[in-house]
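4 protein chains.
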Amino acid sequence: MRLNILTTGGTMEKVYREQTGKVENISSKVDRYLERLRVPDLEVTIERLMNKDSLEMSDNDRREILEAVRSMVASADAPVVITHGTDTMVETGLVLRKGLPRLGVPVILTGAMTPLGFEESDGLQNLTESLLAARLLPPGVYVVMHNQVFPIERVRKDRERSRFVLTS
Amino acid sequence: MRLNILTTGGTMEKVYREQTGKVENISSKVDRYLERLRVPDLEVTIERLMNKDSLEMSDNDRREILEAVRSMVASADAPVVITHGTDTMVETGLVLRKGLPRLGVPVILTGAMTPLGFEESDGLQNLTESLLAARLLPPGVYVVMHNQVFPIERVRKDRERSRFVLTS
Amino acid sequence: MRLNILTTGGTMEKVYREQTGKVENISSKVDRYLERLRVPDLEVTIERLMNKDSLEMSDNDRREILEAVRSMVASADAPVVITHGTDTMVETGLVLRKGLPRLGVPVILTGAMTPLGFEESDGLQNLTESLLAARLLPPGVYVVMHNQVFPIERVRKDRERSRFVLTS
Amino acid sequence: MRLNILTTGGTMEKVYREQTGKVENISSKVDRYLERLRVPDLEVTIERLMNKDSLEMSDNDRREILEAVRSMVASADAPVVITHGTDTMVETGLVLRKGLPRLGVPVILTGAMTPLGFEESDGLQNLTESLLAARLLPPGVYVVMHNQVFPIERVRKDRERSRFVLTS
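Chains as they are written, first to last, in our numbering: chain W, 1 to 168; chain X, 169 to 336; chain G, 337 to 504; chain Y, 505 to 672.
Treat the hints loosely; a few may be bogus.
DSBU-like mimics (lysine-lysine), calculated; alpha carbons at most 30 Å apart, straight line [unchecked claim]: (1) Y:Lys602 x Y:Lys526; (2) X:Lys197 x Y:Lys526; (3) W:Lys29 x Y:Lys556; (4) Y:Lys533 x X:Lys197; (5) G:Lys365 x W:Lys22; (6) W:Lys29 x W:Lys52; (7) W:Lys22 x G:Lys493; (8) G:Lys358 x W:Lys157; (9) Y:Lys602 x X:Lys190.
Pulled from the structure, derived: some chain X residues nowhere near chain Y, Cβ distances all over 10 Å [stated by the list, open to error]: (10) Met169; (11) Arg170; (12) Asp229; (13) Glu232; (14) Glu235; (15) Arg238; (16) Ser239; (17) Ser243; (18) Ala244; (19) Leu264; (20) Lys266; (21) Leu271; (22) Leu305; (23) Pro306; (24) Pro307.
Read the hints as simulated data drawn from the structure, not as lab findings. On a predicted model such as this, the values are computed, not experimentally measured, just so you know. No residue lacks a Cβ here, since even glycine has one placed at the ideal position from N, Cα and C.
Based on the provided sequences and hints, a complete structural model is requested.
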């Protein structure tokens, strides 16, 4: 099966920078962690579109993501997994849903509360889940994290509890 | 959501024993690795039924597994994930399918090619995938490993390539 | 052999805080990582004195560290390993050297460029090295990191290269 | 500083082989783990001499090790770290001591009770310690493991407790 991964940054890709003592979006690391997974039946294409904290994403960035996904689903009838900061993940998802009304594949947004490779990170779990959800879900836009699957129009981040929850 | 995990041993649970220099099924370790996952909406019950290399499982062992699953799905209408050695995983799955013809939940068999916690282990990936598949799959008996989902009657282990494949 | 560990914070003990997206000195983690080492002949006592970024340490903090070490070496004739932020590690070490002119044991300052448990962390390496150096070095105050041992009066941090170097 | 590493196999280098379900000495992995350490002032040369369980080492193997070390210390006045199975580590060390009576550098034997990269492995700790001991110890042949340093003529393996102890 073919699958596209679009990386946009967020906590999942943050690295600890020794010179500043801060975690920053400097370089992509999804590839490195993807290599730790066994996906013998998956033909993955990764496109690194941007590397931003999602609080710093502009409307323009979201348009860029929309165009990237549009072109992915046009050329290949393959699911798309988007790694994204959790703070505005839902906002981007709603832009995708509105902009891609006749979507024929699942588009899955995922991310992490703690960067990939840091102790207690949820990044590899969420990536693993998203790659499986991409096989099993019907067409639509979703958030997949922490063993949960949310349709994009029914989810919000619960910042206090570091997780996503259903909107009522 | 409620979910039952039934552990039966297999490579996933093998530990390296320093006194013998061998990997052996001595003590369960699924619990320890489950704690590394974030499953805020999952109420997991783990039952450790046995801890065997699946090449050493007898017909009697399979009957025990069948009875354990039967009692789980009777008392709780919850999916079941079974950790199991890969060598006879399909055999056990077929016993379950035959013995539970009116199954109302997914029953997922998973395992590992390399024990949990060893470098390059696929154990945590397979466990993560199985817990998500338990939410998404319709009732039936499946093998879930390496980003793939197989109905039990259409799968076999490809020992050479350390993976499962569809039977034609 | 008895050995005292005094923790004061620094990068080694920083944790990633999900609510803020920053690395902070919130709770001690040296204990947890020490448990991963096999030290069958070592009787370790850990004292958590403070948990500060070393750029925020005051003269008063250094006096506190000096008093803690003084009392440790008075009551037990045992080496002392101090985990400390790297930015002012040498400053603290010089205070110790001046304040403890008749030291009968090695006092070793160590730390990390990347927090314990983050990918590519040097923390456990430096802790491991310090515990061995504590056995082998003669009395004095040292910095031990990255397979190097520096007498406190001949070392400075090279911030650009994320390491310590000999002063000429 | 220059340093030579001579790898001979042992538990430290065992890998889990999926086809057999056994741990075997197939390929060297010391290099890969060495890369995880920061040794900015160390110029390491690794020579992979053999890859054997030390219970299977013959007198001839030990002669080979002796000749390799002899040639290393002749050409470079640099310490030598030898990774070796623990079961006959002392035997090999005694051959080295006898065969190299005028040794001008420390020769350190180390190994592991659990293979590098397996959960709870002591391999990276022992490697880290040996590389530091190589800087600090006087000429002689030693076993360095688990935060302990043993002169070769005063050490034996305590198999029950998975450690080395002083002979009385």
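These are the hints, each one checked on the structure:
1. Y:Lys602 x Y:Lys526: violated, 36 Å
2. X:Lys197 x Y:Lys526: With a Cα-Cα distance of about 19 Å, the restraint between Lys197 (chain X) and Lys526 (chain Y) holds, given a limit of 30 Å.
3. W:Lys29 x Y:Lys556: violated, 36 Å
4. Y:Lys533 x X:Lys197: Holds, at about 25 Å.
5. G:Lys365 x W:Lys22: holds, 19 Å
6. W:Lys29 x W:Lys52: Answer holds: Lys29 (chain W) to Lys52 (chain W) is near 13 Å, not above 30 Å.
7. W:Lys22 x G:Lys493: OK: Lys22 (chain W) and Lys493 (chain G) at ~19 Å, within 30 Å.
8. G:Lys358 x W:Lys157: With Cα atoms ~19 Å apart, Lys358 (chain G) and Lys157 (chain W) stay inside 30 Å; holds.
9. Y:Lys602 x X:Lys190: violated, 33 Å
10. Met169: holds, 29 Å
11. Arg170: Since the minimum Cβ distance to chain Y is about 29 Å, Arg170 (chain X) lies beyond 10 Å and the statement holds.
12. Asp229: Given a closest Cβ separation of 18 Å, the condition holds.
13. Glu232: holds, 23 Å
14. Glu235: holds, 28 Å
15. Arg238: holds, 30 Å
16. Ser239: holds, 31 Å
17. Ser243: About 34 Å separates Ser243 (chain X) from the closest Cβ of chain Y, which puts it past 10 Å; holds.
18. Ala244: Consistent with the label, Ala244 (chain X) stays out of reach of chain Y, its closest Cβ about 32 Å off (over 10 Å).
19. Leu264: holds, 24 Å
20. Lys266: holds, 28 Å
21. Leu271: Nearest chain Y Cβ is 31 Å from Leu271 (chain X), so the label holds.
22. Leu305: holds, 26 Å
23. Pro306: holds, 31 Å
24. Pro307: Holds: least Cβ distance 32 Å, greater than 10 Å.
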